[in-house]
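Residue numbers (numbering that gives the first Met the number 0), protein chains in the order written: chain H, 0 to 368; chain S, 0 to 200; chain F, 0 to 296.
Think of the hints as simulated: they come from the structure by calculation, not from any bench. Certain hints may be false.
Some chain F residues close to chain S (C-beta under 7 Å, calculated; not the full set) [said to hold, decoys possible]:
#1 F12
#2 D16
#3 I33
Just so you know, these numbers come straight off a predicted model, no measurement behind them. We put the beta carbon where it would ideally sit given N, CA and C, even for glycine.
Residues per chain are reported as follows:
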Amino acid sequence: MYVAVKGGEAAIANAHRLLADRRRGDRSVPALRIDQIVEQLALGVDRVMSEGSLYDRELAALAIMQSRGDLIEAIFLVRAYRTTLPRFGYTRPIDTAAMQVERRVSATYKDLPGGQLLGPTFDYTHRLLDPELANDPAIAEPEQREGDGQRMARVSEILAHEGLIEADGELPEDHLTGDITREPLEFPMERDIRLQALSRGDEGFLLALGYSTQRGYGRSHPFVGEVRIGEVELELDVPELPFPVTLGRIRVTECQMVNQFKGSAKAPPQFTRGYGLVFGQSERKAMAMSLCDRALRAGELGEDITAPAQDEEFVISHSDNVQATGFVEHLKLPHYVDFQAELDLVRRMRSEHDKRNQSNETEQREAAE
Amino acid sequence: MEQMDVIDGGFAAPVFDAQTVFRAVMDAMARPGTIQPVVGLTQPPAPLSATAGAVALTLCDHDTPLWLDAGLQVSTARSWIAFHAGAPLAATPADAHFALVASPANMISVENFAQGTQEYPDRSTTLVLQVESLTEGTPLHLEGPGIETSATIAPTPLPRHFVEQWKQNGARFPRGVDVILAAPDAVACLPRTTRIKTMEA
Amino acid sequence: MSTPATDIATYNFAYLDEQTKRMIRRAILKGIAIPGYQVPFASREMPMPYGWGTGGVQVTAAIIGPDDVLKVIDQGADDTTNAVSIRAFFQKVADVAVTTETAKATIIQTRHRIPEHPLTGGQTLVYQVPIPEPLRFLEPRETETRKMHALEEYGLMHVKLYEDIARHGRIATTYAYPVKVEGRYVMDPSPTPKFDNPKMHMSPALQLFGAGREKRIYAVPPFTKVVSLDFEDHPFEIQTFDQPCALCGAEQVYLDEVILDDKGGHMFVCSDTDHCETRQACGHRGHLSPDILETAR
Chain H
0 MYVAVKGGEA AIANAHRLLA DRRRGDRSVP ALRIDQIVEQ LALGVDRVMS
50 EGSLYDRELA ALAIMQSRGD LIEAIFLVRA YRTTLPRFGY TRPIDTAAMQ
100 VERRVSATYK DLPGGQLLGP TFDYTHRLLD PELANDPAIA EPEQREGDGQ
150 RMARVSEILA HEGLIEADGE LPEDHLTGDI TREPLEFPME RDIRLQALSR
200 GDEGFLLALG YSTQRGYGRS HPFVGEVRIG EVELELDVPE LPFPVTLGRI
250 RVTECQMVNQ FKGSAKAPPQ FTRGYGLVFG QSERKAMAMS LCDRALRAGE
300 LGEDITAPAQ DEEFVISHSD NVQATGFVEH LKLPHYVDFQ AELDLVRRMR
350 SEHDKRNQSN ETEQREAAE
Chain S
0 MEQMDVIDGG FAAPVFDAQT VFRAVMDAMA RPGTIQPVVG LTQPPAPLSA
50 TAGAVALTLC DHDTPLWLDA GLQVSTARSW IAFHAGAPLA ATPADAHFAL
100 VASPANMISV ENFAQGTQEY PDRSTTLVLQ VESLTEGTPL HLEGPGIETS
150 ATIAPTPLPR HFVEQWKQNG ARFPRGVDVI LAAPDAVACL PRTTRIKTME
200 A
Chain F
0 MSTPATDIAT YNFAYLDEQT KRMIRRAILK GIAIPGYQVP FASREMPMPY
50 GWGTGGVQVT AAIIGPDDVL KVIDQGADDT TNAVSIRAFF QKVADVAVTT
100 ETAKATIIQT RHRIPEHPLT GGQTLVYQVP IPEPLRFLEP RETETRKMHA
150 LEEYGLMHVK LYEDIARHGR IATTYAYPVK VEGRYVMDPS PTPKFDNPKM
200 HMSPALQLFG AGREKRIYAV PPFTKVVSLD FEDHPFEIQT FDQPCALCGA
250 EQVYLDEVIL DDKGGHMFVC SDTDHCETRQ ACGHRGHLSP DILETAR
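Pulled out of the complex, with its shape left as it was, chain H reads as follows:
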């Protein structure tokens, strides 16, 4: 006897209880605290802030805790919360040249004003697991360099003196910076919109696309002009006040990729640029973003569009991991009504196919006899 399945509500409630249990794990192990995540899983927190488009370490840490460390799920939580926040205004563009630089490296010059500054990087660590860490060893205080906190000119400014690098992009005077979280996407898009989409885009997706350009799928001869990480001031213009109000500081990673360019009908031979800017410390993401940005400028610079990374609609439509995971994972929702329709069609086509084969065989046999 068949009785239709009921009790979806109870099943969902029980699933949530089990999830809460598994999230917490063994109760005899002390629970994580938000401040521990903020302090000790800082790069995970940064990625959630960056792709979640919300600069708030505590909230990002809470999201990581709630999502059991699933960063895309954490990004989703942050995004869903972000949607409900009212907007008080739009800050002035941040000035990354005035950044309190913590790390800054350039691949294009041996040395440059402000110097190469390694900062807190994994780059030259030998990737040997360190069992000592499990015992919470004492960690020495870091060295501070003299003269930190000085304004450090950007490499693009240095190259600009010779006129060999394109200027910062320009948009019409009355252009209002776009926002893909408030307006529907439209292709082709302005670079400001595209950069926003890339900055929110999935690190893994952009990394793979950036990598593909290096392997010849839209090659762009990139050099890291510089990568810099540090804190910048946020300023807001208030109509009643004659000067901008400082709201605070945020940490960002900026990458300026410098690309050799032979020139085209649209532009003279010069160095062109790809740009990457993300919340927090994420060099990989900022560099991948700048490779993708440069690749996506193919049309603007009169280059042939031949590779996936140069295809704006392809890249931007698929770079958002919250969208991607939702749609991929929705396949686990019931589809039995559509499947029934397909089942019926395949059954009928199959029986027609078998009938045809049978009659063909009969004909052949008769012909042979």
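Keeping the supplied structure of chain H fixed, place chains S and F upon it in accordance with the hints.
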């Protein structure tokens, strides 16, 4: 006194009033020729009517440039809309997402407003016409999507040569404007798909 | 400003902020005015995953009010987990009355089915749509498909359908079967089985479609012509079932195949659970309904 006119008279319960008005407009747009009651939820300064004011607060905000006809331009109503809806004024009728028309009989011709493009026919102006009545004008027989067989409304006043203008509007489909008729206690709509069949003398 | 329940004080009524609702409401009005045309809208990030009904949820949230009665179905059933989850969401954020009875609902949000019970004038059917662009599987580029709609250039779609006939002897599309609305726009009816397509034609109810991830809203007003694409020599046909519902005996309804054992045993029952239950309550019985089996024993 004038300042109070500007600040007062918005929705008493913004969330629910807007929902009520929207459902009336949605039903009217989905069923052209039907008259959907909207009862005095706003008290804007003259010449803006309570119904047109409610429609404006329901649909307009910072993102929707608004065109006002001459009578509204010079009135306190202009500040009232700016205060309550925050909608910027459109530089030209062709830039307007919405047009509020207090005096339809003197309205500039329909083709001056944004018609949308073939790719984006939604980028057209929605005209909100303040009418005195939906039943006492010349009857208009309507056909098209949303109407089972035919429907009749008799709004007054209407823009000059409205039936002819509306025919031209329909010929531009999918481009074209849509009309919300705001009567003292109700709304009715003419989406661009509605055909005005005949007009009795 | 009054809110109907204190427990929703932290969120606005129906979750969305008023500016977002206005934006969606404007898109809905344009959709109604241009039947079958996909209106771009600034879809918000909802507290449920993309692909799980965020478009439908945003449309419902923008139209719903305290007097509405909401029904949510997925695969025709009120008790599938995602339907339960969406219904619970609106109970929580809008404190709205809910029902499983099609006739009692003012708003029905659906995924993959149109209820069997005929809809009426006061009702709005909100579809959850994954891929709103009917031409997307023929041409992946939005820039191209937009041009095709603008120029009413639907040859590609007919070629695809005709290729089906040439290869399979029939149009091998069983769900999300494209329709033409009011003789102008080719529209995706969402992944409902083509069985449901005729219900869209001249329906007294307003039909709204929300695609959250793809950021499109479209509509079919009541009493609007919705014609499934076909050819003179291969007219559109809906699925037929050889047997009635095993529980309520209904014919001419869409049936789900239920597997009974691992030896190929199966039965067919109404996909529309409310329809089936209502019929059973009225005394209708199918050949495998519990009472019949009981009597036979």
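Item to complete: Please flag the earlier hints that this structure goes against, numbers listed from lowest up.
Response: Of the numbered hints, just 2 does not hold.
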